[in-house]
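Chains as they are written, first to last, in UniProt numbering: chain A, 1 to 417; chain B, 1 to 930.
By construction, these hints were calculated from the structure, which means they are not laboratory data. Warning: the hint list may mix true and false statements.
[Said to hold, decoys possible] Covered by chain B, according to a simulated footprint, are these stretches of chain A (three or more residues, beta-carbon under 8 angstroms):
{"no.": "1", "stretch": "244-256"}
{"no.": "2", "stretch": "269-275"}
{"no.": "3", "stretch": "404-411"}
Note that the coordinates shown come from a computational prediction; the quantities given were computed from them, not determined experimentally. We treat Cβ as the ideally placed atom computed from N, Cα and C, and that holds for glycine.
The lines below spell out each chain.
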Amino acid sequence: MNRSRQRSLAVIAAVGLVGALAACSSSGGSPDAGASSAPTGSDVNVWTTYPANVNSDQIGAGVKAGVRAINADGGLAGHNVVVKECKSDLTPQGEIACFQQAVDDPDAVALISPLVITAGDDTDAIIEEAGLPAINSNPDTPAALKGAMQFPLGQNLYDQPGCAVLGGDAVGAKSITLAVSETPNAQEQAADAAALVEARGVTTETLTFPVSTTDISPYVQQAIDTDADLIMPAAPPQLMGAWITAQGRSGYEGAMCVSDGLAPYQVLAGLGPDISDIYLTGSFPEVTWDYPLLDEFNKQAQAEVDAGDALASPAPENNPNLVFRGWLGAYALAQAAENLSGDELTKEALVEALNSTTVTFGPEGDAPMPPIDFSVPNPNPDMPRQFNTGVILKKWNPETVTIDPVGDGLPVPGDEL
Amino acid sequence: MSDIIQFGLLGLGLGAIYALLGQGVLLIYRGSGVVNIAHGGFAMIGAYLYLQFSSPSSFNASVPVTAGLPPVLAFVLAVVVTALLGLAVDQLVLRRMRNASPLTRLIATLIVLLVLQAGAAKIWGYAPPFVKPILPSSLLKIGDASISESYFWLLGIGIVITAALMIVWRYTRIGWVTAAVSQNERGAAALGISPGFVSSATWVAGTALAAVAGILVAPITQVSPTALSLLIIPVLAALVLADFKSFPLVLAASLFMGVAQTILIRFNADFKNLTGIAAVSDAFPLIVLIVVLLARGSSLPLRGQAGERLPLIGNGRFRWGIVIPLFVVVMLLIFLVFPTTWLSALSVTFVVSIILLSLVVLIGYTGQVSIAQYAIAAVGGLIGARLTVDLGFTFIPALIVGTLAAAVIGLLFALPALRTRGVNLAVITLAATWAVNDMILTNSNFSGTSAGLRVGQASILGLDISGSTHPERYAAFTLIVLVIAMFVVTNLRRGRLGRSMIAVRSNERAASASGVNVSRTKMISFTISGALAGLGGILLTYQFTTASFTQYDTFTSMLAVAWIVIGGVGFVVGAIFAAVGAPSALSSLIALNWQGFVDWLPLIAGLGSLGAIIFNPHGIVQDLSVRFGKLEKRIAPKLPWVRPVKRFEPSTEAVTPTRVEPKNLTVTGLSVRYGGVVAVDSLSFEVRPGQVVGLIGPNGAGKTSLMDAVSGFTPYSGSVSLGDEKIDGWAPHRRAGHGIVRSFQGLELFPEMTVLENLQVPQDRKIGLKALLELVRPSKTVLDPVTMAAVQDFGLAPLLHKTPDDISYGERRLVAIARAVAAKPSVLLLDEPVAGLSDSESAEFGRLVRRLADSWGMAVLVIEHDMNFVMSICDRITVIDFGKHVCDGTAGEVRENPAAIAAYLGDDAEENDSEPTGATPVVAGKGAHR
């Protein structure tokens, strides 16, 4: 055997070994969702999709936790539910491919908690044509906000405006500085937020910084130099950790407000008393709050962890908001299934059921969010599918290292800010 | 003013970070000759290791928990482990690539970076850990400014490390040994110094420094798998500013970069409000590089820079017999078999292939290492999208106009290439990519809202071909465009433009001496590749109804170069092989169908790529093309539709040498100075048509400097005339075009081209409409009468289809002269034409040179140390020493001249006695070289 051939075989063997490790390390499907009262019908598939390699895998774990509970309770209309995951490569083509894979699956009945970053309109077109519903999706593009197959439970559009108005009110801010990364999403929200508070007589200044920046300190200093009462940074989580750290150590005495999905828990906890007056906004409550819904979530997440999926952990270091996001989609699916007419579980039947479903989040008076009625569109003609515009204001507690509600912790309608 | 001071002080911290990293990069470069693109990756690994060893609870629950060690021990351990990783890279990767081109080794370090990032992501995930401060970080008040104490500590550590490196470099044995290797590896090896040991030692030290830098700066920058990687761009800018010269200079340059860049940050918002362009501070490394190039760059490489080899290139044959059947089969599969996910992946593969074809033209054919092609593709796509969104352009008009616009942008990127080359060019295009990405592509003023830019459905003459609604049609359309692009690029390879490009790639000096306008050739290459990249970018943009530009980040641009080098940067098919691995291309189907691989894919791809580049430094396709060539020879005769390849065969009819246009070469008062050294001092002489004039003198007399000056390769004072025309200030290619052509001491043939193609280069120098038409229909191979006569006269017919590596040294010398003759020179300058030849070969050569003067009417100036050769063929001989004229006359007169004897010939000169007939060889005298 000549040396060139030997080398080629050596390379193939090395790559194959890593590949085998990969195959062995992940089953590629959901852990066995064993049921105490086992479903008796045929399997149905639900798909979830999110970007690979950017710390979003907890979404899939959350979906699996919810589906495990569904199967434990007899399945969906008697059918065993199987979770299929598709991790996209953060390109439009990759996201579209995942959606296409879901609609090509003849046994698929829904997409659960899909996370789309770059291809909102095109992915919406795919599920529209296929009639496949996306439950707890994140529509934020013109077509997706009108898409009849979109059934979002949260919102993407009001975190920054919420920070500006609710956070600003909480600290009595007369001036706000928005420091946003050079990404279209962050800049749009910042513009909306600035417009809202300027209408209320608050002065604003907007600073931007590139996503590729290494030392965030000069930008933090620039924001601090504006002497604002409230600073609102918005950037991907890695940069947010650096911002929060730099601002925390700068001696700045004003307040900060960020979207809850962007503030890394480890950084907040690690800074200790160096930071205070950090407010956060988001669609959903913190999983540590005291509500029956969240108790249910914590139990089901733990059950998934016990079955071997560490990513479903509700521990604060594991970004449990993402687990909750995933789980909530399955939770809504279960409620929708109760409205199925007939025994057939098809995507068409599920869409019909969803359109007559009101998702409740606990007993009346003890729910962290108001019910979402999918039969009542948002009156704004540009976003009829934005059923929930609620923004919840939260605050970081450095002593208990938790995120606590501000006031009653209930959502304020974002379109009424 | 106080805010500027404050930003300046902050900039000292950033500058210290650059310096800490830059010293490590410089150390590795000096010891191993490799620019370590992965340096930021090693810094990142060091930071992660420190965290893992000192405070494992910093990570989330999925990270393996180890015992927390005391900080000092954790620090040392992290540095040691990182250094061992660096040693492994040197031993297992770069040591095996010692004979690979500098480009390939640069790409290898890029792939190492990807492996480090993928490995870090797999072990520690993407969730940002909390990093405790290591250095004291209380706030210091300086006037109105507040700044963390840690910045000054970083600055102090940077200064101490610089001083330590300087002391080691200057005053220790390891420093001297490393300096010796960095200046002359072969010379050092001859003295018993092991370059391998030095390389490993500097990799260990350099990556250890990287780890130190990473650990110290992590509390400021935080840690993620990609956190410190792009720092290599401003670090390299600082190194270029310091000319890779010394550690103190790198420190100074780094601090300058850090301070200036941070002060610019202060004005980012104002600049954006004024112009709409964001993050102008990120353009600062690019601005620095451009200024340095203008001040320091040269339009042609220096004498020692010639001869750097790039990966092999293909012969550019468009195999119709394979392409057509394959095209038909793929089309059938597209329309009848493939599901939608496959069609989308195929479209991406075809389109990325087109973008990578631009790199085949630019790097493969022209040798211009540009990392900006993906950025140009993105800008092309952006222009196309904006034409649709803002001006209502439909798909095809947007495609055409956008492609043309991208061609113009490509032309802009040619400008730095006119003054620099190699790694420097790679660095400046990398800086440009970073700037374009931050200032334009992620700027919503240009690239649209979070919804992207709605370009709508692509259609042609009313037929909807959008990838959203008709993925099969879009796949078919992109395949057609790809085949056309491949056709054009292969025609380019085989035509005069391609030969000029390859000549430039192989040897800019020799190309210029052959009449090739190097600057114009580069500009044409950048323009064509810009058009190809833009075409691909627009096709990617219009695949679906909304265009997003977030996928064109700096890493993807770097990766594109890595892909094509792995695939085979000199081969058209290499672009397709490389494109298969692009995001969302065919390889993504693996991940789509086996989700368990998705998290491992970056690591698998990285390791696979490393293996591919180590064992196939010329690209996978090069290896396959050799095997395929053998297979083709066996099978092709049996396939009726495959026509045998017709090779050019020269005519056997005797061609009478054509007398050239007679022109005198008149040199008057010519002086050449290099700084304070006078290499040539006011020399005057004349060479007439039909005359052979010899120029002799001891080593260092100024002979080659004189020849460089006369041929336009070095500035001079005085005057040179060709016929009645003064040619002072003319570039070498212009002199060659007007009839003054030279050969080189080192031959400097174009090794990737056959002998035939080497000879065609001078006759191709006129690039006109015909050259562009050849992109569509290649001309038949024709040698003009002068070149044919040279082939016959020099006996080169049997060698035409061989490359220089396949022929003997003597034959290579003949090809070098024949190439010069093919340019139809009135004046021929020969620089040591018989060095290394045997007596009989020299004699034959002498007869050849005489014929050039006698039969062709050329004026020939010969530099030689072989006295037999000189005395036997020259009509007149000029002797120079220390740049000054000593004497001149016939062979006999010079032999008798005491000054000439003293300067050069020595006591043995009386034994040498011959007339310039070329008949009787003489005994070599003092100073003669064999």
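Status of each hint after checking the structure:
1. Residues of the stretch 244-256 of chain A with a Cβ under 8 angstroms from some Cβ of chain B number 5, which satisfies the need for three, so the listed coverage holds.
2. Interface restraint, the stretch 269-275 of chain A with chain B: holds (3 residues with C-beta to C-beta distance below 8 angstroms; minimum three).
3. Counting residues of the stretch 404-411 of chain A whose C-beta sits closer than 8 angstroms to any C-beta of chain B gives 0, which falls short of three, so the coverage hint is violated.
In this structure, the one hint that does not hold is number 3.
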